[in-house]
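A.B. asks: Mind docking chain B on chain A? Use the hints.
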Amino acid sequence: MTSPADTHTAASQLSAGPRPAPGPAADEGLSRRLRALACTAPLHDLDARKANLAGAYTVYAMAEVALSAIDLVTLNMDFDTGADHDQIVARLLPRIAAQAPDRPVTEHERVARWVLENLINVGSVDRGFRAVYGTFGADGVYVRRDYDFKLVEEVPGPGGGVYLRATDEAVNVLVGALDTDVTSAQIAAEVKLEVLISRGRLADAQLAAEQARYRTVQYAETLRRTLEATRRNVRAVDWLNAVPDMIAEALDHVADRYRHENAILTNIRKARDEAEEPEHKRRAAELVDIVKDCIRRHTQLQSRLLEAGPLFRAEQDRQAFAAPTARAGLDLYGQLVAPLLPLPVDQATRATDAFFAHGTGLRTPVSVRVGDLVDLLLTPPVEREHLGAEMPEPDLVATPDDSRFSEEQLAHAMELLDLEHDAPRRLSGLLAEARLQDPELPYLVALLAVHAASPPVGTAYRQGERRLLFAVDDGATLDDPEFGGADLIVGTALLDAAGMAADRKDAS
Amino acid sequence: MTEQHAEPDDAWGEPQPAYPAEAAPPAAPASVTPADAADAARLVSFGLQPKLMPARDAEYGELLRRYREEPAFARLADAVATGLGLVVLEVSTRAGMAVTAGEDSVFAVRMGDYARRASSDTADRFLHGLAHLAVAAMAFPRPEDLADDAYIGRITVNGVDAFVRQACHRLEERAAEQGDNTDPATDAPGLESGWRVYARRSSTGATKDARRLAGSTTGIIGKAAAFLADSGFLQRTGDDAGGTYRTTARYQLQVRDMAGSAAMAELLELGVVPVTDGSATLLPPPDTDGLELAADAGLPFHS
Chain A
1 MTSPADTHTA ASQLSAGPRP APGPAADEGL SRRLRALACT APLHDLDARK
51 ANLAGAYTVY AMAEVALSAI DLVTLNMDFD TGADHDQIVA RLLPRIAAQA
101 PDRPVTEHER VARWVLENLI NVGSVDRGFR AVYGTFGADG VYVRRDYDFK
151 LVEEVPGPGG GVYLRATDEA VNVLVGALDT DVTSAQIAAE VKLEVLISRG
201 RLADAQLAAE QARYRTVQYA ETLRRTLEAT RRNVRAVDWL NAVPDMIAEA
251 LDHVADRYRH ENAILTNIRK ARDEAEEPEH KRRAAELVDI VKDCIRRHTQ
301 LQSRLLEAGP LFRAEQDRQA FAAPTARAGL DLYGQLVAPL LPLPVDQATR
351 ATDAFFAHGT GLRTPVSVRV GDLVDLLLTP PVEREHLGAE MPEPDLVATP
401 DDSRFSEEQL AHAMELLDLE HDAPRRLSGL LAEARLQDPE LPYLVALLAV
451 HAASPPVGTA YRQGERRLLF AVDDGATLDD PEFGGADLIV GTALLDAAGM
501 AADRKDAS
Chain B
1 MTEQHAEPDD AWGEPQPAYP AEAAPPAAPA SVTPADAADA ARLVSFGLQP
51 KLMPARDAEY GELLRRYREE PAFARLADAV ATGLGLVVLE VSTRAGMAVT
101 AGEDSVFAVR MGDYARRASS DTADRFLHGL AHLAVAAMAF PRPEDLADDA
151 YIGRITVNGV DAFVRQACHR LEERAAEQGD NTDPATDAPG LESGWRVYAR
201 RSSTGATKDA RRLAGSTTGI IGKAAAFLAD SGFLQRTGDD AGGTYRTTAR
251 YQLQVRDMAG SAAMAELLEL GVVPVTDGSA TLLPPPDTDG LELAADAGLP
301 FHS
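Line by line, the protein sequences are chains A and B.
Read left to right, the first sequence gives residues 1 to 508 (the numbering used here).
Read left to right, the second sequence gives residues 1 to 303 (the numbering used here).
If we strip away everything but chain A, and leave its shape as in the complex, we get (with noise of 0.2 Å):
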């Protein structure tokens, strides 16, 4: 061991022994585990530096303020849009007034905001996170990497208008470990929820519901990307195969889980309208409520994909049918971008300068006479104009009234069909006495009495009316010199809300 030859094997063996296997592969693992517990490093960040704010916040926990706002952006997340920024601060309000009940809302409202800006980072370009960690690559070269990574972003939401969406890292923060398929995660889910409520363990129930609808809008998402794909080109996807199969495979996942959260719904719902606790009857009740909104989320992707065929069709028309130019382009995408896109930065700048600068077009420079700039200079600001041009006074045509009846005709008309409702009358006589008062006025009453011939119930029913016009065909003919047809039995029914229900009963 005094050679100090030997020292210098054994010190090679020792500095070689705990290193792991290089290769990425070995560290990969490694290097995952790293990057899931940076996503947890913005939300310790928060409550460190809760300190430093102008104020006493350190009453506020702010970890889980922003877990919270993490869980609601996920849940208001939406096929389209994401959810609302002042939406959420405003939900997030409750929880942080419970905090600290004596401070002023306005503080309350501060620290909503404050969390949720932090959660998006917004004073960095990115507006995201980095972490650095250290692998080993292929060559055993120890190398530090940066790791990007965002919680909640900004997309742009139709009209204009910015939305919150919870990244799927921030979803993994959430729920822990969903880097699964999820599909099958959705599955598992499913059955335990089932096995909960049949063991009546409703707060587990709840919990595994939540966890199921977390992944109910994960599957969404990654299939409105894949449409938008599919809007974008027609051959950027696989229409042979693989579209219509996922599209297949969609279809079928809501049916299933349709007729699946069908099934649970029933049985929550009879788990809800039997429990005798009122903590249980809140919990089956809550938990109805978020079985209906998977199923309404289901509705939405299944409407989704029924618009995926018109619209490949259509743009197939347009794209694929076209007569075939003479020349063959450039490949705008094929041939620059898709290449470009790999590339290191350093290389790919050159080839975009090089198209910034042939692609642009020219600008005439900028050249300023003296003369000009005085003139300018000394020209008053225009007034703006804060209420807009003035409104033209529009020139209103008065419409001729083209009614067939009057409304004096109307009138006389209903109050001859204001029968009393346990007095209905035949038709003809109703005829014979409308020719009485005006030639015209047995049309309107005939009209009238063959729509009531099919009455609107269910309406009349929802406005809450109590009395409705009906006409019943008896079999008996009209005998009149103007019309033809069954001379029906016109008569005015009273409705009643309990005895509908009661006939719905006994009918059912």
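It is possible that part of the hints are untrue.
[Said to hold, decoys possible] Beta-carbon label-pair distances, calculated as ranges: (1) B:Glu62 x A:Leu396: 39 to 49 Å; (2) A:Ala398 x B:His169: 58 to 68 Å; (3) B:Asp230 x A:Gly123: 28 to 38 Å.
[Said to hold, decoys possible] Covered stretches of chain B (chain A as the covering partner; in silico rule of three or more C-beta atoms under 8 Å from a C-beta of chain A): (4) 194-200; (5) 227-238.
Everything labelled a hint here was simulated from the structure, so no lab data went into it.
Positions of the beta carbon are idealized from the N, C-alpha and C atoms, including for glycine.
C.D. replies: Coordinates of chain B only, in the frame set by chain A:
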């Protein structure tokens, strides 16, 4: 206002170099008069106002007709343009006198003037350039579209962003499939892949005054689209999806004859040789069988 004053000044001031160029071929049947030179320069000055439509201006239309009918006048106008450092792309009634700035011309647009951050930050410089390329790629998604003179492309700002993001996402997925660690080394930002720079830039952001966040990708693409609209390359048609635009004949010429080949040359120099048979298009690399699908339009949705 000052711009319009400046243009004729520049154009009028230059004809002298054109004279010797024109005097060289003595074969010209009618000798060129100063009035002809003035007309030629006037035509070039019309070409310098890219938003001006030949159909809307009688004098412009007349000069275009003269360019096409009188070879001597055409050569004179070409010479004026060349002397000013301009490249003539096409002279026609649809595109007008389509000229563009030569490499070192005073009319050329420089990246540093275009976006301040771009001169100092490599990532921003790349993103601004990529935005222009992506707008063109979306405006002319297939080679046929770029070649077809009658084609009018339509783009939206958000659409371009989503498209590039999607492409980046696919690259990310592919890298993940191959087990590559794409996180760049901390001390070598220039080695970061292009798609990654784009992917980590947020697509939008709330600002205090409800304007688009300039550093976001939709902000960068929106700037590119607005700039191209100013150059007479795009026409704004609406405000939906971050702004909708349609292309003009000039833009097609510019992309086809100038920008595309220039960027292509750079790529070839870098040793990246995009292989294509002239028919492939916005396909993700493995899906080559997507091309045959036109034969069977009724797709098996529910089988």
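A.B. asks: All hints, please: hold or fail.
C.D. replies: We went through each hint and held it up to the structure:
Under the hint 39 to 49 Å, the C-beta atoms of B:Glu62 and A:Leu396, about 47 Å apart, fit the expected range. Under the hint 58 to 68 Å, the C-beta atoms of A:Ala398 and B:His169, about 60 Å apart, fit the expected range. The hinted range of 28 to 38 Å is satisfied by B:Asp230 and A:Gly123, whose Cβ atoms lie roughly 32 Å apart. Check on the stretch 194-200 of chain B: 6 of its residues sit with their Cβ under 8 Å from a Cβ of chain A, so the three-residue criterion for coverage holds.
Residues of the stretch 227-238 of chain B with a Cβ under 8 Å from some Cβ of chain A number 5, which satisfies the need for three, so the listed coverage holds.
Going down the numbered hints, you'll see the structure goes against none, and every one checks out.
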